[in-house]
Amino acid sequence: MNLDPKAFPQAARTALKDPTLKPVLGRLKTHFGAGRALAAQRYGDFESLREAGKAIREYAVTHLDELLTQFETSVVARGGTVHWARDASEARRVILSILQDVGAKTVTKGKSMVTEEIRLNPFLEANGIVPVETDLGEYIIQLRDEPPSHIIAPAFHLSKEQVAETFRVSHADLDPGRALVERNALVQEARAVLRSAFERADAGITGANFLSARDGAAMIVTNEGNGDLTRLLPGTHIVVTGIEKVVADMDDVAVLLRLLPRSATGQPISTYVSVMGGPRGRDEDDGPENFHVVLVDNGRSALIGTEAQDVLRCIRCAACMNHCPIYGAVGGHAYGATYMGPIGAALNPGMMGVAEAAHHANASTFCGRCAEVCPVMIPLPKIMRHWRAVEYAGGLAPKAITRGLSLWAFAAKRPALYRLGARVASRLLRLMSRRGAVRSVPVSNGWFAVRDFPAPQGRTFQEQWRGRHRK
Amino acid sequence: MSKASRPRIGLFVTCLVDLVRPQIGFAAVKLLEQAGCDVEVPGAQTCCGQPAWNAGADRDARDIAQSVIAAFEGFDHVVAPSGSCAGMIKRHYPEMFENDAAWLARARALSAKTHELLSFLVKVRGMTGVTATFAKSVCYHDSCSSLREMGVKAEPRALLSSVEGLTIDELTDGQVCCGFGGLFSVKYPEISERMADDKIADACATGARAMLGGDLGCLLHLKGRMQRAGKSLEVRHVAEVLAGMGAQKALGEP
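Order-wise, the sequence lines are chains A and B. In terms of the working numbering, the first sequence opens at residue 4 and continues consecutively. In terms of the working numbering, the second sequence opens at residue 1174 and continues consecutively.
Everything labelled a hint here was simulated from the structure, so no lab data went into it. Accuracy of the hints is not assured; some may be wrong.
Using 16 Å as the maximum straight-line C-alpha spacing, the simulated EDC-like pairs for lysine to aspartate or glutamate come out as follows [claimed, not checked]:
(1) LYS1286(B) x ASP1249(B)
(2) LYS416(A) x ASP1236(B)
(3) LYS416(A) x ASP1231(B)
(4) LYS9(A) x GLU359(A)
(5) LYS1326(B) x ASP1346(B)
(6) LYS32(A) x ASP1375(B)
(7) LYS25(A) x GLU1363(B)
(8) LYS32(A) x ASP1346(B)
(9) LYS20(A) x ASP1371(B)
(10) LYS25(A) x ASP1371(B)
(11) LYS385(A) x GLU1268(B)
(12) LYS20(A) x GLU1363(B)
(13) LYS1309(B) x GLU1337(B)
(14) LYS20(A) x ASP1370(B)
(15) LYS32(A) x ASP1371(B)
(16) LYS385(A) x GLU1271(B)
(17) LYS385(A) x ASP1231(B)
(18) LYS57(A) x ASP254(A)
(19) LYS1286(B) x GLU1246(B)
(20) LYS25(A) x ASP1370(B)
(21) LYS385(A) x GLU310(A)
(22) LYS1404(B) x GLU1426(B)
(23) LYS1309(B) x ASP1342(B)
Looking at chain A on its own, in the form it has when it is part of the complex:
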């Protein structure tokens, strides 16, 4: 599937017409929204926790240089290696060279959005290495050759019937008569198939939810245990993550760990919390012999010092998209990008350029629910508006919008002219109305594509008021 953020309007229209998508997206509210609300309520003073999380991440974002250097020193002291990647292509090359050094043929992968961001899988395949996604959702979409539609539930757009269909096609060597109705049957089948991948993997790649600078450790939260099998069984483990994931120490991680699962799925804690502190020690029974961390910038550091800097606080919980009515209407694929929903709208224009991802910043009503639930209090609508201002100032906004706005603003700055214009508009709209509604006005196709305009009641307020008060 091609990722094209510029095709958002067309992709959104297609998604809105997809009859299978609406019931699936309805689960955002029952599945994630209700869970988050209950978890926050049960926690008690969740707002203070959000404040604490914001402060921790704010400190990290404003001290990235110190924390990342400290992180590297700590990783090296534990016998690991840190690699710095300026962009996606550098990250891909670094990862490939680590894998080639150990002669890896099969690589298991824990869920990692950064490896989606850098388009790692197609690159590995092109270089003769087989990546096997081991998170159930990621595994399903890998079989279907689709990108994730959600950052923590990559196959969220699929019904279990669609998953069963995919398994029947992909697991062609299994009994075609087997029952694949229950969710558990699907899980068991994937589990059995993935076992053999875990056994033959030469290397494992995971992401990281947080990095502790003091400990030189990376941490992931998972619910399936696949992360541990990915990082512990093969001889080589590569952590691929964004530079912004670092925090000062495990005390900070502990606070964020209270926020992340509650905001994401409504769980007080994820089923597994794995701390990855370097290669196997001399007195340890398990763990990889080689431990690498690839720190990916890919446009992140360029956001520091800009009006979009706060977006770097993000801990990728997906609460914003779970509560976003736009995401809830069109789903994740419509965005044509690795990061979708409000976090995508705030991040993508910065990482891809405004010309590329302007639709993401514009496709918001600024309803504010995303900022309301964000565990680290990122002012998402404010950042989206910033990108709109960059778009407008750069002459990139659609001409119909800029011309209309300029004309309207010209009048809005001249009250007498504006009052006259309003009087004329009111009369015209009333003349054009039939049974209380205006059906169409040639200058606003967008409005009249889907709705009428209720006819004005009578003369404008200003006209009536001035008539009464003779001022």
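Start from chain A and add chain B according to the hints.
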């Protein structure tokens, strides 16, 4: 009440009320006078500038904001029958002038005395009830800006509970956006349509005979969608009902 203690209110009519539903402006004046205020309507007002600001047209937005500040800074309070326009002045005018100390001070001063109508009546003027009759069950549409930017939720319900004959049937997903979003409704009509249809379905499922709300933008969008889709729920601004104007024709009623 002595003349001296009556605060001078500058009514920010809002461009949509001015154009489409002047009755909301008169209802606001009536309620403010009932609450012991003197109301004036500065002629120099047009719009709060939100369409420009949300589109990223910062220069136009600032120009418009400056004329609003100049027109309204002499009043004791500025009141708008809209959470969205009041939120623009209260929350976003100070953001606009972050790099302009002189205007920032004036924007902050105006922000501090700008209110959404219902919260002003209840929280500032201590209004606890009205004398009005509206013998219908209603659902209440909280606009996102009233709810999240201005923190208005209890106030309309408190005043509506004093209206004779009126009962409130709450929406199931009252905190969810209706899909208006200003220019969003024009730029992404199909997404906006889906959100409106979900809201309208929620409203119809309550069994209420009328939908009330505090923001005409949402109501125009929802009523316009109902007209197109052949749904006949009555739609009004809450101020009309509170001011005893609920017998007048509803929004979009021929």
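For each hint, the structure was consulted:
| no. | hint | verdict |
| --- | --- | --- |
| 1 | LYS1286(B) x ASP1249(B) | 7 Å, holds |
| 2 | LYS416(A) x ASP1236(B) | 7 Å, holds |
| 3 | LYS416(A) x ASP1231(B) | 14 Å, holds |
| 4 | LYS9(A) x GLU359(A) | 6 Å, holds |
| 5 | LYS1326(B) x ASP1346(B) | 14 Å, holds |
| 6 | LYS32(A) x ASP1375(B) | 14 Å, holds |
| 7 | LYS25(A) x GLU1363(B) | 14 Å, holds |
| 8 | LYS32(A) x ASP1346(B) | 10 Å, holds |
| 9 | LYS20(A) x ASP1371(B) | 15 Å, holds |
| 10 | LYS25(A) x ASP1371(B) | 11 Å, holds |
| 11 | LYS385(A) x GLU1268(B) | 10 Å, holds |
| 12 | LYS20(A) x GLU1363(B) | 10 Å, holds |
| 13 | LYS1309(B) x GLU1337(B) | 9 Å, holds |
| 14 | LYS20(A) x ASP1370(B) | 14 Å, holds |
| 15 | LYS32(A) x ASP1371(B) | 13 Å, holds |
| 16 | LYS385(A) x GLU1271(B) | 13 Å, holds |
| 17 | LYS385(A) x ASP1231(B) | 13 Å, holds |
| 18 | LYS57(A) x ASP254(A) | 14 Å, holds |
| 19 | LYS1286(B) x GLU1246(B) | 9 Å, holds |
| 20 | LYS25(A) x ASP1370(B) | 13 Å, holds |
| 21 | LYS385(A) x GLU310(A) | 9 Å, holds |
| 22 | LYS1404(B) x GLU1426(B) | 12 Å, holds |
| 23 | LYS1309(B) x ASP1342(B) | 10 Å, holds |
Violated hints for the displayed structure: none, as all numbered hints are satisfied.
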